[in-house]
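Chemist: Protein chains in written order, with our numbering: chain A, 8 to 172; chain B, 1379 to 1802.
Because the hints were derived from the structure by calculation, they are not lab data.
C-beta: ideal position from N, C-alpha, C; glycine also.
Hints are not guaranteed to be accurate.
Here are some chain B residues pointing at chain A (derived, C-beta under 7 angstroms) [unchecked claim]:
| id | residue |
| --- | --- |
| 1 | PHE1433 |
| 2 | SER1453 |
| 3 | SER1502 |
| 4 | GLY1516 |
| 5 | PHE1524 |
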Amino acid sequence: MIFKGNVWVFGDNIDTDVIIPARYLNTTNPQELASHCMEDADPDFSAKVQEGDIIVAGSNFGCGSSREHAPIAIKSTGVSCVIASSFARIFYRNSINIGLSILECNDGIENISIGDELKIDTDKGTIRNVTTGKIFSARPFPDFIKGIINAGGLLNYGKGENVNV
Amino acid sequence: MRMTITQKILAKHSGKIFVEPGELIMAEVDLALANDITGPVAIEEFKKAGGRKVFDREKIALIPDHFAPNKDIKSAELCKALREFAKEQQIVHYYEVGRMGIEHALLPEQGIVLPGDLVIGADSHTCTYGALGAFSTGVGSTDLAFAMMTGKCWFKVPETIKFIYHGKPNPWVTGKDLILHTIGEIGVDGALYMSMEFTGEALSYLTVDERLTMANMAIEAGGKNGIMEPDEKTLEYIKNRAKRSYEIFVSDDNADYSQIIDYNVEDIQPKVALPHLPENVVNVEEAQNISIDQVVIGSCTNGRLEDMRVAAKVIKSHKVHPYVRLIVIPATQQVYQDMIKEGITEVFIQAGAVVSTPTCGPCLGGYMGILAKGERAIATTNRNFVGRMGHPESEVYLSSPAVAAASAIKGKITHPAEVTSNDI
Ligand code: SF4
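In isolation and in its complexed conformation, chain B is listed as follows:
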């Protein structure tokens, strides 16, 4: 009857003592999330199915972030549909432009998701909150409509792959590099339908922001969720954020894993994922002469304060390459404000960057930095699919904020050690 952390959270939320991989369950959700793209579809479905009142107005989060501030008339209509539903249903966690942030950065930051929670979101990067020891996973709009009506969602209990990261990360190696390395090793379907449990002493060197980055990209290996057991850093992070009780779960010793994969992080160097899949991972050196037109530092993957601090350290006292656009997008209003307070915004602006209000924007090719035919960007985002940031013949390279910042200075993909001696 031994269970992994994922099994335990699923068992608890389906009123069972034990659940096993492959079992289909109907579980209660602590939070159901949607955005300006997926929310309107869910709301339409909710209404079509005769829904009048949501199951619990405190357990739904609606966040206009993808095309907000509204990029065009059609997006304005989507945001309006979300806003009107939030108003009508008195949704507690609705965040308007000016108070919002990218959903997966905002919810942990505001203490809305907590350890032990079961969270679903009509957005594939909902897996981010696993970094806090929650089970969270992306679903579709119909699932979300169903959850808004019933407070429930169906799941197949996943098998778990355990990833153990040994050793201490090298200079300039961040959570982003560890997860890119992992995806490079196992491939974009390497964890299809599975839970990815991240563990090992290397994680204790990572900030919570870096851990959120790792869990965020579990979906890029096909994973159902990415999860970590909470430690002191997690508890410290949530201490002043949690406004309700929560429960810490950990995996049993000798729980069943479908596979255990060990990495010695001392062998891992800063990484870049080449177009057009996140699994095309190489060391920065192998990509270092590739010229770029645009750099994006932001997104739910790497738009948090720690990311901005690292990028600013690299950029400081340098200028952005004359033919490169550096677009910096803090993921939340809080990050935006903290950047101003810490002088980070000024560092970017003086270097010749544009600093935007929080939005997903270019990450999904929405707006605020679309690529023309043949253009290349290096971005701290999570996907480099064909056409992801603009023209189908443009290219996206994925990296950490440090590598992205160094590349902005040189106009080509660059290892941060080349432009600064400041270790992070």
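One chain only, chain A, in its complex shape:
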């Protein structure tokens, strides 16, 4: 998949309570969750973010709780892709399972600035900073995970023959 969008930058250890505070977990409505996304880090994030925008963050993005509400909230704001130098494990699998594109990239992404325009090719694992001309490479998904994504998420994947790998 190819994505093009502008960047929002966050730091290390962005936890799921920042992505969607627990006080809003009394709903499962994606739009309502989106309206509080990143609220404790940037209260205006959900108002400012544009369809297709990209989040760039440091290490251990999504640490903390297992709430799938976190990737759902991000996806529902219109964010097309999250790039981080590393992801917390449960957030990583939840994103794959619900179809939020995420890329792990340790290739100097701290030099990407807020507002930069990125062009991402998830199949090739390339990230081009259109604003600065720099190119970064990200770790591509293992085949097994590509299989889940190509099937349109884990539950579709489960309907196929694949369950006995």
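Add chain B with the ligand to chain A, keeping to what the hints say.
Modeler: Just chain B with the ligand now, kept in the frame of chain A:
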């Protein structure tokens, strides 16, 4: 072909003789767990995917604990969705308010998770059951929906870091202090994607409740699971609880570890994690003049009977500081009842504490003790992220029950030895 305890349990559940780190497997689960926050999302996914019947009604646990007893209308709807699904599917392990407890305290206590099990839960602290020698890990709601349909879950076999705790713990040093120390040393992503295997003679001094506390916080270092080999104390604990057969696994000598880390626990003193990450760990002395507004003793980390006993010993014949709220939340109905029987509830109430019915409540900033702007709490919970217990400008300090209780008396962070000479 040598394997760690984690590899062995994963191999067994995926029908293989050997699995190696990095390998992707599809494994059978012995139990799949969800709560009132993650369950409704999983149920929606299950229905959307055309699910009609769960794979095994005895291997699913649905527990309303986070916002239950219902904190507001929206939470009531979530709990209702969970209840209706449990009824419709005849789920055996559904626990209603009045019979429930915080999931990670309830399942071991009731003998629903056992050594050698493979357990997944749509809750990150599912790693708690590793203390009994099970492989257990947190997943998301979609994983859970998939498991409810198929009885399976995909995993990447993790590498293992082995932590060896040598020596005998000092007075007032509990399992909570050992795990806080560990997280302080390796950081909140120090064990990212990895299995944390806890071992060493120091563990033999810990109660099973304390061991559950340690495994509970493996996720706070990014760990996939925390695990311990069962010993006599484990077997004693499960003896009268297990209602089915189980299997004991231990790591092979010379199994492959990505790292081996040794700690001499005699160098470890009671700890506090400062805001806003569980890795900001210091000795209690270094935080001792920080004033607090609220103390919470409870949660899946430290809401078990042993925790309550220790806190009560510290509080006994003292009063809670006039401007401090001490909120005590037994993790299960059983703990609640045992506290009454042992006179612990009375100790807390006479000291000026509030004692609540089991719930996650304030641990995740749900209700039952939300912090205002600028307020500070010391809590026996596991996370002190920004806004975790209320206003984004409030603060949470993490500690053991003994330190939390001593702090409630003084109104500031306090070493338990300062208020009592009773060693634990
Ligand atoms: S007590 Fe806290 S950490 Fe434990 S399950 Fe409840 S909300 Fe999560």
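Chemist: Take the hints in turn and mark each one as holding or not.
Modeler: Now the hints, each set against the structure:
The interface hint given for PHE1433/B is violated, since its Cβ lies 11 angstroms from the closest Cβ of chain A, which is over the 7 angstroms cut-off. The closest approach between the C-beta of SER1453/B and any C-beta of chain A is roughly 5 angstroms, which is under the 7 angstroms cut-off, so the hint is satisfied. For the restraint placing SER1502/B at the interface with chain A, the shortest Cβ-Cβ distance is roughly 4 angstroms, inside the 7 angstroms limit, so the hint holds. With a cut of 7 angstroms, the hint placing GLY1516/B at the interface with chain A holds, because the nearest CB-to-CB distance is about 4 angstroms.
Using the Cβ-Cβ criterion of 7 angstroms, the hint placing PHE1524/B at the interface with chain A is satisfied: the shortest such distance is roughly 5 angstroms.
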